[in-house]
Structures are given as structure tokens and as C-alpha cells.
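Just so you know, the sequences run in chain order P and U.
Heads up: the first sequence begins at 1 in this note's numbering, then just goes up one per residue.
Heads up: the second sequence begins at 1 in this note's numbering, then just goes up one per residue.
What the hints contain is simulated information worked out from the structure, not anything from laboratory work.
Treat the numbers as computed from the prediction; the structure is a model and nothing was measured.
Heads up, the beta-carbon is just placed ideally off N, CA and C, and yes, glycines get one too.
Take the hints with a grain of salt, since some may be wrong.
[As the list claims (entries may be wrong)] One side only, chain U facing chain P, incomplete, derived with CB under 7 Å:
id, residue
1, Gln42
2, Pro44
3, Tyr46
4, His49
5, Gly50
6, Thr52
7, Lys96
8, Phe99
9, Lys101
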Amino acid sequence: GAVVSQHPSWVICKSGTSVKIECRSLDFQATTMFWYRQFPKQSLMLMATSNEGSKATYEQGVEKDKFLINHASLTLSTLTVTSAHPEDSSFYICSATPFMLWLTGYTFGSGTRLTVV
Amino acid sequence: DAKTTQPNSMESNEEEPVHLPCNHSTISGTDYIHWYRQLPSQGPEYVIHGLTSNVNNRMASLAIAEDRKSSTLILHRATLRDAAVYYCILSGANSKLTFGKGITLSVRP
Chain P
1 GAVVSQHPSW VICKSGTSVK IECRSLDFQA TTMFWYRQFP KQSLMLMATS NEGSKATYEQ
61 GVEKDKFLIN HASLTLSTLT VTSAHPEDSS FYICSATPFM LWLTGYTFGS GTRLTVV
Chain U
1 DAKTTQPNSM ESNEEEPVHL PCNHSTISGT DYIHWYRQLP SQGPEYVIHG LTSNVNNRMA
61 SLAIAEDRKS STLILHRATL RDAAVYYCIL SGANSKLTFG KGITLSVRP
């Protein structure tokens, strides 16, 4: 089945530094990947749609300059949290699908727990 | 995107069937009905999806009302590992998924 790998699974960083999170589709190509953020006891919030070879599309209220997304290949999308602050501490999750959504659902990564101290 | 409405929580007994309802009265003709579940500190897991007809897979069944304004996820025999937050989501073909609050399923041994 389709597998999406996310790395790292958890990271602790100092306030003001940048952190990169990788999302890889292991056994399929994904022209589109999605990035979500989830705060404790809340639902997933879509941050942006990552498109291979083009600029990401950000949801309203998400800072493009703070959350840099790069989708340089059909199997890899990265999310970089720049100048991280404690309020950026959250659970970040990516997802992708190998086929059209109507054929199969999306596969999600296992998530990255970011803690900014 | 069309919205869905789910109860906040539900309890079930182990090895008994569970019916999780979802209302989506503003569903459009091209919206698919998706169900995902999420365990604590994990990414969501695909459960099932459908358009008009009822669907069955190894995990669950999806019963879709004739007018498509509601649907029910059926877990035939709940296990402790089925305790999770279940999300009912509508999406057009090949579009993004917008998560609601979901329903928290507890399973009693």
C-alpha cells in the first residue's frame, strides 16, 4: 500500500532557529502533498498544498515566509519553520495520494512533534 | 467546502458493532464522503470512502443515505484498538481534505 514517511518524528529546537521537516512518498509519486498542523486536543488544520515544481498554495492566515515549503521532486516535500517561536510548537503532519482522490483516500505521515524552547 | 456534523463522542463495548453517524446536508453531487481515524500522537489513517453506494472494506462499512445527506460508518466488531477520533470529511474529486472536530470513540473491554 501507499506509504508516506515523515522525518523527524520529533524535534526540539531553540527559539529563533529554523527547523526542516521532510515528507516522502516511499512507493508512489505525488504531484501534490498537503501539510497540516495540529495543536493539543484540536483537529488538524490545513496549512498549505505543496505542488511539485511550483509554488505552494497557503491557506488563509498561514504565513508564507515563516512556513517555507519546497516540493522539488515527485517523492519529497519539505516544510521549514523559520525563526521558530514557542507558539509554533505543534504536531505537523503531511499527506499525499498516489492516485486521484476518488480512487483512494489520502495517506498520512506519522507526524512530527515540534517543541520550541 | 461542505461541512459535516458529528456527535462529540460515543462509547461502545468490545466485540459489538459500532455505528458512527455523520450529517452532511449541504453535500454536492461531486463530493466524496471520507472517513479517517486518528490515534493519539499519530497521523490520521484512511478508513473508507464512497460517493453514492454503500462500501465495504476490511476495516469497516460505509452506509450512505439515499439522499446522501447523511452517512454511517460501521465497525462490525469493535476492538480496543478501534478507540480513536473518527473524522467524516467531504471532498470533491482530487481536492484537499478539511478536518472537523470528529467523534471520539471509546471502547469498553
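So, going through the hints one by one against the coordinates:
A hinted interface residue such as Gln42(U) counts as satisfied when its beta carbon comes closer than 7 Å to some beta carbon of chain P; here the least separation is about 6 Å, so the hint holds. At a threshold of 7 Å, the smallest CB-CB gap from Pro44(U) to chain P is about 5 Å, leaving the interface hint in force. The interface hint given for Tyr46(U) holds, since its Cβ lies 4 Å from the closest Cβ of chain P, which is under the 7 Å cut-off. Interface restraint check: His49(U) against chain P, minimum CB-CB distance 5 Å, threshold 7 Å, status holds.
For Gly50(U), the shortest C-beta to C-beta distance to chain P is roughly 10 Å, which exceeds 7 Å, and the interface hint is violated. Here the hint on Thr52(U) is broken, as its CB sits about 12 Å from the closest CB of chain P, past 7 Å. Checking Lys96(U) against chain P: minimum C-beta separation of about 6 Å stays under 7 Å; hint holds. Among the interface hints, the one on Phe99(U) holds; its C-beta lies about 4 Å from the nearest C-beta in chain P, closer than the 7 Å criterion.
About 5 Å separates the beta-carbon of Lys101(U) from the nearest beta-carbon of chain P, less than 7 Å, and the hint is met.
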